[in-house]
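Number of protein chains: 2
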Amino acid sequence: MTVSRVVSGDGYVSEETREKVLKAVKELNYRRNGLARSLKRQFTETVGLVLGDISNPYSTELARAVRETLLEQGFNLFICISESGAKEDVIAFESLANHSVDGIIVATRSNEAGDRYLSDLVDTNVPVVAIGRDLTHKNIDFVSPDNLKGGFDATQHLIDLGHKRIAFIGANLRSGSNLKRLQGYIDALEQHDIPVDERLITGRSEGIADEVGYSTEEIGFEGMKRLLSLPDPPTAVFARNDFTAIGAMRAISEAGLKIPNDIAIVGFDDIPLAARMSPSLTTVRQPMRAEGQIAAEMLLERITGKANISRRERILDCELIVRESSGHRRQ
Amino acid sequence: MTVSRVVSGDGYVSEETREKVLKAVKELNYRRNGLARSLKRQFTETVGLVLGDISNPYSTELARAVRETLLEQGFNLFICISESGAKEDVIAFESLANHSVDGIIVATRSNEAGDRYLSDLVDTNVPVVAIGRDLTHKNIDFVSPDNLKGGFDATQHLIDLGHKRIAFIGANLRSGSNLKRLQGYIDALEQHDIPVDERLITGRSEGIADEVGYSTEEIGFEGMKRLLSLPDPPTAVFARNDFTAIGAMRAISEAGLKIPNDIAIVGFDDIPLAARMSPSLTTVRQPMRAEGQIAAEMLLERITGKANISRRERILDCELIVRESSGHRRQ
DNA sequence: TTACGATAAGTTATCGTTAACATACTCTCC
DNA sequence: GGAGAGTATGTTAACGATAACTTATCGTAA
Chain A
57 MTVSRVVSGD
67 GYVSEETREK
77 VLKAVKELNY
87 RRNGLARSLK
97 RQFTETVGLV
107 LGDISNPYST
117 ELARAVRETL
127 LEQGFNLFIC
137 ISESGAKEDV
147 IAFESLANHS
157 VDGIIVATRS
167 NEAGDRYLSD
177 LVDTNVPVVA
187 IGRDLTHKNI
197 DFVSPDNLKG
207 GFDATQHLID
217 LGHKRIAFIG
227 ANLRSGSNLK
237 RLQGYIDALE
247 QHDIPVDERL
257 ITGRSEGIAD
267 EVGYSTEEIG
277 FEGMKRLLSL
287 PDPPTAVFAR
297 NDFTAIGAMR
307 AISEAGLKIP
317 NDIAIVGFDD
327 IPLAARMSPS
337 LTTVRQPMRA
347 EGQIAAEMLL
357 ERITGKANIS
367 RRERILDCEL
377 IVRESSGHRR
387 Q
Chain B
57 MTVSRVVSGD
67 GYVSEETREK
77 VLKAVKELNY
87 RRNGLARSLK
97 RQFTETVGLV
107 LGDISNPYST
117 ELARAVRETL
127 LEQGFNLFIC
137 ISESGAKEDV
147 IAFESLANHS
157 VDGIIVATRS
167 NEAGDRYLSD
177 LVDTNVPVVA
187 IGRDLTHKNI
197 DFVSPDNLKG
207 GFDATQHLID
217 LGHKRIAFIG
227 ANLRSGSNLK
237 RLQGYIDALE
247 QHDIPVDERL
257 ITGRSEGIAD
267 EVGYSTEEIG
277 FEGMKRLLSL
287 PDPPTAVFAR
297 NDFTAIGAMR
307 AISEAGLKIP
317 NDIAIVGFDD
327 IPLAARMSPS
337 LTTVRQPMRA
347 EGQIAAEMLL
357 ERITGKANIS
367 RRERILDCEL
377 IVRESSGHRR
387 Q
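Heads up: the protein sequence lines correspond to chains A and B, in order. Position in the first sequence counted from 1, then plus 56, gives you the working numbering. Position in the second sequence counted from 1, then plus 56, gives you the working numbering.
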């Protein structure tokens, strides 16, 4: 007990004893066992963050913002990667739960088994906040960019530039955020009385791995090739995210066409690469840092929290960043 | 005890009892407490990875390789970020140690307090493997790209193209891997009887934050500006890494000079962005995946290991990727 | 003098598991 | 019918810390 008092530095210990203990600690190479400590104390001051595609700058910015916010409050962050769907989601949640983290922030895409496991966790009083994950539960907070408005703005921008045949690349009915971007695209078209042409909305092509998040560039490439083979190809493209847009740009170049003269293109996210592309990519900027910070704050409120807070939602504004790839107004 | 047997799924339990237990588990929302379990069992099947700059694709590729290798053996991975030096290193190591991970892979730059803490951990039998971290300890394995040869090859390439005034950007005497790259640069010059000009070796400029790993682009930008202001500026530049090279390229462009005609440039790492730059960046490719995989394998051997293995070192070959930014041979 | 608070250290029970051992029953085979 | 193996469950004692309580000493204010 006296050792405990010395090591944790509170309670009464005489200077003399403290020194003896510290000496013994050094000699015996003693380290306090964190498991036993946490077991007794019932908290770990640690939070878990589950990320999908860690190669995406979107994820890493998010992680940095989350971490900074937690660190201010003395909480540590463990990041788990879940690259390919439900099974890995569950593994990640499970391992975080096994280490008794005080709360979890999830930023992977929704899937049935993962959602079920999360619900169970929440039911055993583990605080959870979801970022962009389409998961409705009465005790899970939700932070997301305004994908609907973002999709709308991107499309509106292309319409304003005089385009009528505007394609959407990378539709994925299972992904909630993506669905919203697609919905924004459709809303914008309808508002301007432009008919929605199903053939201009490309989804995943069958040959490409389904669950893997990071190969979206390939999806863009394949999708664009398909669009270019249409009898009446689009003059503009809105891609679900920047990687998809970049893949589409490659397909356009390889077809010998010019961006933005032949085809204008808009992406989503504003990853650092977007500004450096040639031509630079017009895109919708997500407030990644804000998302991370708000999610962390919400989680901390739940952890240190007074009673059960019920579900809160925060939808954050996105900003259209106009660059070269969308070009100038057409006649 | 019977519950334990049911939940962990080994030992004799009758079908009838098992079902009763599972029913109760569901009803009571029971979850096995991982802390208590690990406390008793003395292992967690979890490994910690400490990364510096998580925004750098180098780190994320590493993390993915590490994770894949661990997952095959049923180990989980927790990633900790340590962005700015010793204090955060120690926090990361400490929080991993507190959660009793079975081993730690460190990929941050060396610093005194961090190294000391790591040594202490190793002395309490926590297996540790260092990636690119200049840390010599009899029980810490070491994996690294061949920075010396990489630096040599990059410089040799510029010499072969006919350059005599070749600068080095981003010298940082504290970083071991960087030092090796610089040494390779010096070796190459000396081997070709080109005098080493101190003014052509730029270090960190004083105004820039010291410890932060990810602002190397700024270092490249500032360093290049300084080089351009010399009475006799270089005709070629070798940058410590691709971000630094990209910063230098920006400075060159802003000065109205052309790459590679006025100044040739070579980077290090081969991040995805390198190939997409305009002009595309000649660089030295690091075998990031191999580094991660080998480090994970070494760690697993230590964890599941028979007796004390003593320090092993693996230096991996790099590959010069010639692109546009180094240009053609000069007269 | 008494009493009370501050200081210092020890005792006990507990956090939630599981390894190891103990007990009991059933079956099979010689 | 008894030995031995296989099945099913229960008991005990850790794992290593700490919260809460107890005991003891000392100084000092009433």
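If you are wondering where the hints come from, they were derived from the structure by calculation, not from laboratory data. A portion of the hints provided could be inaccurate.
What the hints assert, rightly or not - Derived CB-CB ranges, DEER-like:
no.: 1; chain 1: A; residue 1: 85; chain 2: B; residue 2: 218; range: 33 to 43 angstroms
no.: 2; chain 1: B; residue 1: 259; chain 2: A; residue 2: 369; range: 26 to 36 angstroms
no.: 3; chain 1: B; residue 1: 317; chain 2: A; residue 2: 254; range: 24 to 34 angstroms
no.: 4; chain 1: B; residue 1: 317; chain 2: A; residue 2: 369; range: 19 to 29 angstroms
no.: 5; chain 1: A; residue 1: 172; chain 2: B; residue 2: 311; range: 53 to 63 angstroms
no.: 6; chain 1: A; residue 1: 286; chain 2: B; residue 2: 287; range: 57 to 67 angstroms
no.: 7; chain 1: B; residue 1: 317; chain 2: A; residue 2: 328; range: 51 to 61 angstroms
no.: 8; chain 1: A; residue 1: 60; chain 2: B; residue 2: 332; range: 32 to 42 angstroms
no.: 9; chain 1: B; residue 1: 285; chain 2: A; residue 2: 71; range: 32 to 42 angstroms
Cβ atoms here follow ideal geometry from the backbone N, Cα and C, with glycine treated the same way.
Verdict for residue 259 (chain B), residue 369 (chain A) (Cβ pair) under range 26 to 36 angstroms: Violated, since residue 259 (chain B) and residue 369 (chain A) (Cβ atoms, about 49 angstroms apart) do not stay within the stated range.
Does the beta carbon distance between residue 317 (chain B) and residue 369 (chain A) stay inside 19 to 29 angstroms, or does it fall outside? With Cβ atoms ~55 angstroms apart, the hint is violated.
Pairwise beta carbon distance, residue 286 (chain A) to residue 287 (chain B), judged against the given window 57 to 67 angstroms: Since the Cβ atoms of residue 286 (chain A) and residue 287 (chain B) sit about 60 angstroms apart, the hinted range of 57 to 67 angstroms holds.
That 32 to 42 angstroms hint for residue 285 (chain B) and residue 71 (chain A) (C-beta), does it hold up? 59 angstroms, violated
Given the range 33 to 43 angstroms, decide if the beta-carbon distance of residue 85 (chain A) to residue 218 (chain B) lies inside it. 59 angstroms, violated
Taking 53 to 63 angstroms as the stated bounds, is the beta-carbon spacing between residue 172 (chain A) and residue 311 (chain B) within them? 59 angstroms, holds
Hint says 32 to 42 angstroms; check whether the CB-CB distance for residue 60 (chain A) and residue 332 (chain B) agrees. 56 angstroms, violated
Range hint 51 to 61 angstroms (beta carbons of residue 317 (chain B) and residue 328 (chain A)) holds or violated: Given about 27 angstroms between the Cβ atoms, the range is violated.
With 24 to 34 angstroms as the target window, see if residue 317 (chain B) and residue 254 (chain A) comply at their CB atoms. Violated, at about 50 angstroms.
Checked against the numbered hints given earlier, the structure breaks hints 1, 2, 3, 4, 7, 8 and 9 and satisfies all the rest.
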